[in-house]
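The residues making up each chain are set out below.
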Amino acid sequence: MSLSFLIRRLLGAIPLLFGISLVLFTIIHLAPGGPLDVYADNPSVSAEALDQIRARYGLDDPVPIQYVKWLSAMVVGDWGLSIRTGRPVLDEIVLRLGPTLLLGGISMALAFCLALPLGVISAARRGSRLDEAVTLGAFAGISLPVFWSALLLQLIFSIWLGWLPSAGMKSVGDGSLSDRLLHLIMPVTVLSLATIASWSRYIRSGMIDVLGQDYIRTAYAKGRRETAVIALHALRNAMIPAVTVIAIDFVTIISGAVITETVFAWPGIGRLFIESMNGRDYPMLMGLMMMGSVGVVLANIIADLAYAALDPRIRHG
Amino acid sequence: MSAKLLDIRDLVVEFRTEAGLLRAVKGVDLSIAAGETLALVGESGSGKSVTSLSTMRLIPEGVGRIAGGEILFRGRDGTVRDLVHLPGREMAGIRGSEIAMVFQEPMTSLNPAHRIGAQIAEAARLHEGLGRKAARARAVEMLKLVDIPEPERRAEAYPHQLSGGMRQRVMIAIALVCNPTLLIADEPTTALDSTVQLQILVLLRRLQDELGMAILFITHNLGVVAEIADRVAVMYGGRIVEDAPMAEILTAPRHPYTRGLLASVPRTDHAARAAGRRDRLQAIPGSMVDPLKPPPGCDFAPRCAWAQEACTAAVPVLEGVASGHHARCRRWREIV
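If you're matching them up, the sequences are chains A and B in order.
Mapping the first sequence onto the numbering used here, position 114 (from 1) lands on 114, and the numbers just tick up by one.
Take any residue in the second sequence, count from 1 to its spot, add 1000: that is its number in the numbering used here.
It is possible that part of the hints are untrue.
Going by beta-carbon spacing under 7 Å, a handful of chain A positions derived as facing chain B [stated by the list, open to error]:
#	residue
1	214
2	215
3	218
4	220
5	221
6	236
7	237
8	312
9	313
Selected chain B positions facing chain A (Cβ under 7 Å, derived; list incomplete) [unchecked claim]:
#	residue
10	1015
11	1058
12	1096
13	1097
14	1105
15	1108
16	1109
17	1113
18	1118
19	1122
20	1126
21	1160
22	1162
A short list of chain A residues far from chain B (calculated; beta carbon distances all over 12 Å) [claimed, not checked]:
#	residue
23	5
24	17
25	42
26	59
27	101
28	135
29	224
30	244
31	265
For the record, the hints were derived by calculation from the structure and aren't laboratory data.
Remember, it's a predicted structure, so these values are computed and weren't measured experimentally.
Cβ coordinates follow ideal geometry from the N, Cα and C atoms, glycine included.
Isolated chain A (complex conformation) (with noise of 0.2 Å):
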């Protein structure tokens, strides 16, 4: 593992971001309807202009033109403008992007906080009470669907209790800090709930797996107690396998929890995809599809650099 490596993978991601980027361009064009298809109940909107629009963004090429020419601005930085909005489509993400990362940081790192320690002790006490209510707990949580869990949430916390605003990101005329973190409790719960309950699976197997390893019975012979074998020679074998899986969560979240910001009303990236597909704005959908890619492709890298700080047979093999 050197700096050539990472050299060689980031340039090997570039053919293949070009690959991504031909199927998601032609997946967008065969989907029914287009982005002027909005206007064609308006009779405000004369067939010439529909025409002229239609001419203007391109959309009368043919659909491999199309592709070349969004292709050669693409690289070049212009995401082009937002058939929907006029505005270009790199600030739009820019600033649906904040959002995005507050809620799917904080969801993150309260799930990687939770998931750790309750992988780690069931994998311990296996078989006990508390890993069979952990397990229980992990399958309810991958199994409830997160539209379901939301608007749950939204019913008792919002509309019973009234504890919590039921969406948004902050109340009209108010922004303070309290207000935020208010609206916050929800979306981040609901979030965190499902990532929660399958990163401590893939930890507790992986912390299974490692707790019978040979080298465990070394550090108990030399005379370390549970607590420090786990901490000292476990964890770290244990996490090598639960890092590809968190790192590619990690991007799948940040580049939009598309159900739950839609629920809660988030103004964020995921939110921004549903509205860009609904109008079939399709400069906005590539710019928003290939920022996901590159995030998936970068985790990967990162994974792999995790990998190798981890496991030294990897950083020297």
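Starting from the known structure of chain A, arrange chain B on it as the hints suggest.
What follows is chain B alone, placed relative to chain A:
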């Protein structure tokens, strides 16, 4: 030889399995004097490893348990304590400090994520409170002691960068870092090439001369025993079937199982020649007792050429054959 360092009395170890309760060790008596080497010999499943793990109290909790007996250990301060009933904290204080262990699998017994030096010094940092710098120096010193070339460089290496023989030397260094009075070596040479096996045995013998620890040497190979042991105890089906000074086991075994073991070991050393064994190798017929369904009477009777009807009536007792020589066989007088 001074008083007993380790005195195991009537040790019983049980395991809970899906097929039922499994009694792996059925009343074992063993003792080791300070500085002495006792070889505990037996096939897989004879209970020898379980006996050694019990001494370290490393039987996995919830799976197996020490169901009876005492493991009396004389500490450095002279007090004799029963390890079976020692609180976990005190037992951890003995492990790695006064009793240390080398395991069979050098390839997997080292933590792949830590440097060799750190793994060697770990017990010294834990038990003696050594600082980072002193620990480093001690690790290098230990690597020198176990004949690893370029110890300063090796201390920085990771386990995967070392060969199997090297790793077993590292395991020995780990075990000896706190200068224990008892070293338990559980088949330390079994996973190694035969040339490397001999090197490790020679190393252990030399270290014992220098450091003076007692060794409980677990093996299935009587050929190895001749290289290292003062006394030999042979286990079968969870019981000691014969124990005697090393030379007597090799030249005048009284239990049919011991004789079978000797006949099944390819040997070229002087002890074997002295025993006049140049005939062909012989395997012991049959297989190890099923610990869930032990036969009635003597465990070895179903495989034994000397077995009579009376052998299946009751478990034979361990009878004195000569001074320091016992055999658990009704017909030991006839077996010469």
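Unmet hints by their number, sorted upward, for this structure:
10, 18, 22, 29
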